[in-house]
Amino acid sequence: MKNIPLSLINELIPSWLDNKTADSSIVLSSRVRYARNLSGYPFPNRASQSELQQVFEMINQAIHDQKNLRSILSESAPVSIDKLTELQAEFLLERHLISPDFVQKSASRKNLKSTKEVRVRGVFINVGETISVMINEEDHLRMQVIMPGFNFKQGFEQLNQLDNNLESMLCYAYSPRYGYLTACPSNIGTGLRASVLIHLPALVLTREIEKVLRAVWQIHFMVRGLYGEGTETKGYFFQVSNTLSLGQSEDEIIEGIEKITQELIAYEEKSRDYLLTNMKSEIEDKIFRAYALLNSARLLTSEEALNLLATVRLGVATQIIRETSLNTLNKIMILLRPANLQIFYNQKMTPGERDEKRASLIRQILSEQKN
Numbered sequence: 126m127k128n129i130p131l132s133l134i135n136e137l138i139p140s141w142l143d144n145k146t147a148d149s150s151i152v153l154s155s156r157v158r159y160a161r162n163l164s165g166y167p168f169p170n171r172a173s174q175s176e177l178q179q180v181f182e183m184i185n186q187a188i189h190d191q192k193n194l195r196s197i198l199s200e201s202a203p204v205s206i207d208k209l210t211e212l213q214a215e216f217l218l219e220r221h222l223i224s225p226d227f228v229q230k231s232a233s234r235k236n237l238k239s240t241k242e243v244r245v246r247g248v249f250i251n252v253g254e255t256i257s258v259m260i261n262e263e264d265h266l267r268m269q270v271i272m273p274g275f276n277f278k279q280g281f282e283q284l285n286q287l288d289n290n291l292e293s294m295l296c297y298a299y300s301p302r303y304g305y306l307t308a309c310p311s312n313i314g315t316g317l318r319a320s321v322l323i324h325l326p327a328l329v330l331t332r333e334i335e336k337v338l339r340a341v342w343q344i345h346f347m348v349r350g351l352y353g354e355g356t357e358t359k360g361y362f363f364q365v366s367n368t369l370s371l372g373q374s375e376d377e378i379i380e381g382i383e384k385i386t387q388e389l390i391a392y393e394e395k396s397r398d399y400l401l402t403n404m405k406s407e408i409e410d411k412i413f414r415a416y417a418l419l420n421s422a423r424l425l426t427s428e429e430a431l432n433l434l435a436t437v438r439l440g441v442a443t444q445i446i447r448e449t450s451l452n453t454l455n456k457i458m459i460l461l462r463p464a465n466l467q468i469f470y471n472q473k474m475t476p477g478e479r480d481e482k483r484a485s486l487i488r489q490i491l492s493e494q495k496n
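FYI, the numbering for the sequence shown is 126 to 496, going by my numbering.
Source of the hints: derived by calculation from the structure; they are not laboratory data.
Quick caveat, the model's predicted, so the values are computed rather than measured.
Fair warning: there could be bad hints in the mix.
BS3-like cross-link-like pairs, simulated, lysine-lysine; straight-line CA separation at most 27 Å [unchecked claim]:
| # | residue 1 | residue 2 |
| --- | --- | --- |
| 1 | K411 | K395 |
| 2 | K145 | K278 |
| 3 | K395 | K405 |
| 4 | K405 | K359 |
| 5 | K384 | K411 |
| 6 | K473 | K208 |
| 7 | K359 | K192 |
| 8 | K145 | K384 |
| 9 | K359 | K208 |
| 10 | K456 | K145 |
| 11 | K145 | K473 |
| 12 | K473 | K384 |
| 13 | K359 | K384 |
| 14 | K336 | K411 |
| 15 | K278 | K456 |
| 16 | K278 | K208 |
| 17 | K395 | K359 |
| 18 | K395 | K384 |
| 19 | K359 | K336 |
| 20 | K192 | K278 |
| 21 | K384 | K278 |
| 22 | K473 | K411 |
| 23 | K336 | K405 |
| 24 | K145 | K208 |
| 25 | K278 | K395 |
| 26 | K395 | K145 |
| 27 | K145 | K359 |
Put together the whole structure using the sequences plus the hints.
Given below as structure tokens:
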């Protein structure tokens with residue numbers, strides 16, 4: 126099977142996965158997101174197609190007319206979600222650029238017969254894939270910034286800049302009493318959601334994870350899977366976010382997520398020390414078995430590959446494995462997903478074909494890392 130140039134692989138990886146921060150072995154990314162709606166228009170779930178189209182065109186025009194917005198979004202044009210294939214929509218979801226809800230709404234719209242081509246849902250994405258702006262998801266506007274590692278401060282600064290520029294062009298739905306009005310009550314107020322994508326294998330392996338997550342829930346933070354709401358936890362990856370926006374300032378929300386992230390990092394580091402001190406042989410065996418499988422397997426499902434990568438990731442973080450890097454594993458983690466794999470190879474595949482291509486690509490990347 127012909128090898129793919131690593132330069133091409135690097136070009137296809139989001140810049141937020143190029144993680145060189147101090148806590149990169151535990152924290153993959155920090156994400157901040159605003160929910161906003163336009164005054165005078167119903168929320169998307171209650172709006173007519175005509176109203177959704179008007180909202181789409183107003184936001185699209187605002188971004189087109191505002192020089193700062195065009196610069197922030199790399200002069201990109203909106204991707205019309207309604208015109209994407211199912212594979213293309215899944216590709217964006219796997220890269221954390223759109224939500225599962227957006228994919229489902231896109232699929233349901235394709236089943237509707239229409240005599241007129243209209244654009245009602247779209248997303249703007251900047252070149253590095255650190256910024257995306259969804260139009261007519263659950264709210265009229267969902268704008269997000271994803272930063273590598275533990276870096277909420279810089280992400281929040283960029284999000285504020287984006288929001289201020291949009292607000293100068295649009296009239297947001299706002300209540301002096303409640304703040305920004307949103308479709309979901311939990312977002313009313315600042316409309317700010319902050320979340321961290323974090324890798325906690327040692328807490329899982331020491332069976333401390335349930336106790337730690339219960340403590341997180343008790344202080345009103347939510348724990349979800351790799352792709353957010355409605356997704357399962359896989360590969361020891363967790364997404365932790367604030368649950369409420371009303372009654373807290375933006376600074377308080379950011380301080381809260383930073384504090385809980387620091388605590389989770391400390392718990393995970395303590396558990397890693399415990400494993401290396403008290404269960405070193407068992408952990409080394411688990412890690413080397415996972416690494417051997419990734420280097421030799423001919424068929425790998427996406428879930429199996431993710432779980433093996435997550436185990437090897439612990440090995441790299443604890444210097445048990447030295448032949449590869451965290452950034453290499455991060456790249457593989459994106460490419461192994463079903464839609465990304467098919468887009469990468471530019472061909473539609475059966476599940477069996479994907480398993481073969483996935484295993485081959487992983488072997489190639491790990492092999493070239495050693496050379």
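Verification of the supplied hints:
Under the criterion of a C-alpha separation no larger than 27 Å, the hint pairing K411 with K395 is consistent with the structure, at around 19 Å. With a CA separation close to 16 Å, the supplied pair K145 and K278 stays within the 27 Å bound. A C-alpha spacing of about 14 Å is found between K395 and K405, which places the hinted pair at or below 27 Å, so the restraint holds. Distance restraint check for K405 and K359: the Cα-Cα separation of roughly 23 Å lies within the 27 Å cut-off, and the hinted pair is therefore satisfied.
Annotation: proposed proximity of K384 to K411 is violated, straight-line Cα distance about 32 Å (limit 27 Å). Between K473 and K208, the direct Cα distance comes to roughly 18 Å. Compliance with the 27 Å bound is thereby established for this hinted pair. Straight-line distance between C-alpha atoms of K359 and K192 comes to about 41 Å, which puts the hinted pair past the 27 Å bound. For the suggested pair K145 and K384, the alpha carbons sit about 21 Å apart, so the restraint of at most 27 Å is met.
Taking the CA atoms of K359 and K208, the gap is about 30 Å. The hint is violated against a cut of 27 Å. Of the supplied pair hints, the one linking K456 and K145 holds, its CA atoms being roughly 14 Å apart against a limit of 27 Å. Proposed proximity of K145 and K473 is contradicted: the alpha carbons are some 34 Å apart, above 27 Å. Our distance criterion of 27 Å between C-alpha atoms is broken by K473 and K384, whose separation comes to about 44 Å.
Of the pairs offered as hints, the one joining K359 and K384 holds, with about 24 Å between alpha carbons and a cut-off of 27 Å not exceeded. Between K336 and K411 the alpha-carbon distance is near 24 Å, which keeps this suggested pair within the 27 Å criterion. Distance check on the hinted pair: K278 and K456 sit about 24 Å apart at the alpha-carbon level, within 27 Å; holds. Between the alpha carbons of K278 and K208 the distance comes to roughly 35 Å, so the proposed pair goes past 27 Å and is violated.
Proposed proximity of K395 and K359 is supported: the alpha carbons are some 22 Å apart, at most 27 Å. Pair hint K395 plus K384 holds up; C-alpha atoms about 17 Å apart against a cutoff of 27 Å. Taken as a hint, the K359 and K336 pair is honoured in the structure, with Cα atoms around 18 Å apart against an allowance of 27 Å. The suggested pairing of K192 with K278 holds, with an alpha-carbon distance near 24 Å, which does not exceed 27 Å.
A distance of roughly 13 Å separates the Cα atoms of K384 and K278; the hinted pair therefore holds under the 27 Å criterion. With a C-alpha separation of about 34 Å, the suggested pair K473 and K411 falls outside the 27 Å cut-off, and the hint is violated. The straight-line distance between the Cα atoms of K336 and K405 is roughly 23 Å, inside the 27 Å bound, and the hint therefore holds. With a C-alpha separation of about 36 Å, the suggested pair K145 and K208 falls outside the 27 Å cut-off, and the hint is violated.
Taken as a hint, the K278 and K395 pair is honoured in the structure, with Cα atoms around 26 Å apart against an allowance of 27 Å. Under the criterion of a C-alpha separation no larger than 27 Å, the hint pairing K395 with K145 is consistent with the structure, at around 22 Å. Proposed proximity of K145 and K359 is supported: the alpha carbons are some 23 Å apart, at most 27 Å.
The earlier numbered hints that this structure contradicts are 5, 7, 9, 11, 12, 16, 22, 24.
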